[in-house]
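Here are the chains, one letter per residue:
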Amino acid sequence: MFKAKLTNAQLFKKLIDAIKDLVVDCTLDCSKTGIEMQAMDQSHISLVSFELKASGFEVYECPKNLSLGIHIESFSKILKRVGNNTTITLKADQSSDSLGILLSNPEETIMSEFNMKLVNIIGDSFVVPDSKYAATIQMPAAEYQRICRDLAIMGETVKIIVDQGKITFSSTGEIGSVNSSLKQDNSIDGNSKIVIESDEKVEAGFTFKYLNFFAKAVPLCEIVRLNLSHNSPLVAEFEIPELGNIRYFLAPKFDNEPDEVDMDKEDDDN
Amino acid sequence: MFKAKLTNAQLFKKLIDAIKDLVVDCTLDCSKTGIEMQAMDQSHISLVSFELKASGFEVYECPKNLSLGIHIESFSKILKRVGNNTTITLKADQSSDSLGILLSNPEETIMSEFNMKLVNIIGDSFVVPDSKYAATIQMPAAEYQRICRDLAIMGETVKIIVDQGKITFSSTGEIGSVNSSLKQDNSIDGNSKIVIESDEKVEAGFTFKYLNFFAKAVPLCEIVRLNLSHNSPLVAEFEIPELGNIRYFLAPKFDNEPDEVDMDKEDDDN
Amino acid sequence: MFKAKLTNAQLFKKLIDAIKDLVVDCTLDCSKTGIEMQAMDQSHISLVSFELKASGFEVYECPKNLSLGIHIESFSKILKRVGNNTTITLKADQSSDSLGILLSNPEETIMSEFNMKLVNIIGDSFVVPDSKYAATIQMPAAEYQRICRDLAIMGETVKIIVDQGKITFSSTGEIGSVNSSLKQDNSIDGNSKIVIESDEKVEAGFTFKYLNFFAKAVPLCEIVRLNLSHNSPLVAEFEIPELGNIRYFLAPKFDNEPDEVDMDKEDDDN
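Residue numbers (our numbering), protein chains in the order written: chain E, 1 to 270; chain P, 271 to 540; chain S, 541 to 810.
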């Protein structure tokens, strides 16, 4: 019997919120070490994955590996019932065609026990290559959200340029254009919130819509790290303190390319 | 001349909000003892009634009995203008075809004087039998709301089971099922917030939509009392401190019955 | 090069919000003394103008007079990005076809630089005659909003009556009628918030919709002053502390007149 209990059910709610605009169905792969998920969005432009460590749960039991096919919208509806003091417990066994989701107060006098039907997912499997990146930018997650809101006013395509301790997001639309930028923040005590590291000038274009989807992970954590190379995929990493992380991968968009590029095209060619 | 003044106009606003999803028109029966209202919803599945005691008002004058036909939506629109410090005064006389609604600040330097047209209502009259109930459950009103929000995710029908100091609301829908339950809360000082009394196991089914309408009374009070018997109507009572109460009656729904049961069918048969 | 910097960008945002329901395009006339704007709504029933004094800005440079044609909706979209601590800087030069709008934090480490396309506006020019008014009413801006919300429940036309230290706004609609009134507030310390001055009884009718548009200026300031004469245009003045003011002019509506009266008709006849 698989069982995972998290006292801070809000974290789980925010995690599913962070993927629900990208993914319709996904598979939770449960093993002794924790829960993993990896899924492509339907247009195959981006990929999202998360890892939740077994040690981050108050109770975690998984004697046998288990794959749970989740319909995100249904799960999200149930998780809307999570309040500030809610504890969540997930339960399933090998043969079951549903996931038990128990929401309760800490004293367990008040309990809502949901059973959510599981779905069959024909899995794509894909390997994300471990790359070196030409630029790494760390910023408060709230700044990432601010930049997305600036860009939302303008066009569909965003150019990101990292150069000399500064990152700039640019977009042009019908009513004009916008440059949203952040500078390295050289605090005296060494606790810089904005850290911009790059060996060279890095420039890459992306479809705004996906950058904006990734901003849904902002409520989960305080810091986001962006990894970039020239005209290459972007990786946005959000750490979830003590529990794990969520990562987004986004294929670049080229100026002369009117259509969207498939994220797993590169894999096909190899 | 009928005149009723309430310093806490918010109470009156919440009262009308508590019936506006159920009832289109209703009659306020004003007498020396206070204001009474009783109305069935349009499908005749449920009945709502309230009593406001004359002693609960700061000023209450009603020399002759008076029936005021109210169009709830219009009344509700006007009551939206009630703020935190608003005093309400209702005024009408025997011959008038409108109700005067005066909203003011406590000093009466700022006044909004509405005249709302009255409507003619051809009255159903019905007697609610005073029954004994097999189970009585008292819970914080906020818990009643929580349960309704759990149930809203699932199906149209709810089964309520009271057994051994526990009440469970169950519903099944497309995406799965839910059991939302409360246990007797045995506090040491005798101030239990959740009190579950029953002689026997009680089980009854209801249409969710109406249970949810009743949750509109939650902002009016802290405690709700549910009265239940096996396959019999449910009574939900909300006390309004110092002013009166609001009560909802709901016909049960049987498994083998596809259509809704008429609340006043029983009366017709007698 | 025109340059105007305001540390409290919220003021600028609220100013544009205060005209955006009335006006589609407008011209900002920038000169050494400050920025002026004057525009009629599309139906020519009302006129709005504002003045922002050069001395109200932290930085203000305008070596040559400049007229900037603004598309209000675009400007408003960009100004939605103004937060609590945002500084705004406007930049343009004689030949440019766009307005630079720089939003930043006080330290200027975080910057959003927008370029908004300018539009060509074929200008109406109109002179607002400096009149004497039979009645002047000063009230908290929040009271003006309260009255508009009362009136919104009823009809399209509002009658304003000023008489004996009292102002009353009346309207009649389908569900009944409303009289919303304010009395002179004779405080001992002479700091009356409600001051009602009139030589005679003044009565005038107006289209509610426009009175309600003017309420959009309420967040800008604490006090509104209404100037009225018998069956004459209304002037509503909102002072913006230290920066300037915004004024609305509204043509009266007569009982026997089904159609709306053109605000600049009088000018045409002269």
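Simulated from the structure, these hints should not be mistaken for lab results. A few of these clues could be false.
Said to hold, decoys possible - List time: in silico DSS-like cross-link candidates among lysine-lysine, alpha-carbon distance up to 30 Å:
#: 1; chain 1: P; residue 1: 463; chain 2: P; residue 2: 479
#: 2; chain 1: P; residue 1: 387; chain 2: P; residue 2: 429
#: 3; chain 1: E; residue 1: 193; chain 2: E; residue 2: 159
#: 4; chain 1: S; residue 1: 617; chain 2: E; residue 2: 183
#: 5; chain 1: E; residue 1: 80; chain 2: P; residue 2: 429
#: 6; chain 1: E; residue 1: 77; chain 2: P; residue 2: 290
#: 7; chain 1: S; residue 1: 706; chain 2: P; residue 2: 387
#: 8; chain 1: E; residue 1: 5; chain 2: P; residue 2: 290
Structure-based check of all given hints:
| no. | hint | result |
| --- | --- | --- |
| 1 | P:463 - P:479 | holds (26 Å) |
| 2 | P:387 - P:429 | violated (42 Å) |
| 3 | E:193 - E:159 | holds (23 Å) |
| 4 | S:617 - E:183 | holds (25 Å) |
| 5 | E:80 - P:429 | holds (22 Å) |
| 6 | E:77 - P:290 | holds (27 Å) |
| 7 | S:706 - P:387 | holds (26 Å) |
| 8 | E:5 - P:290 | violated (41 Å) |
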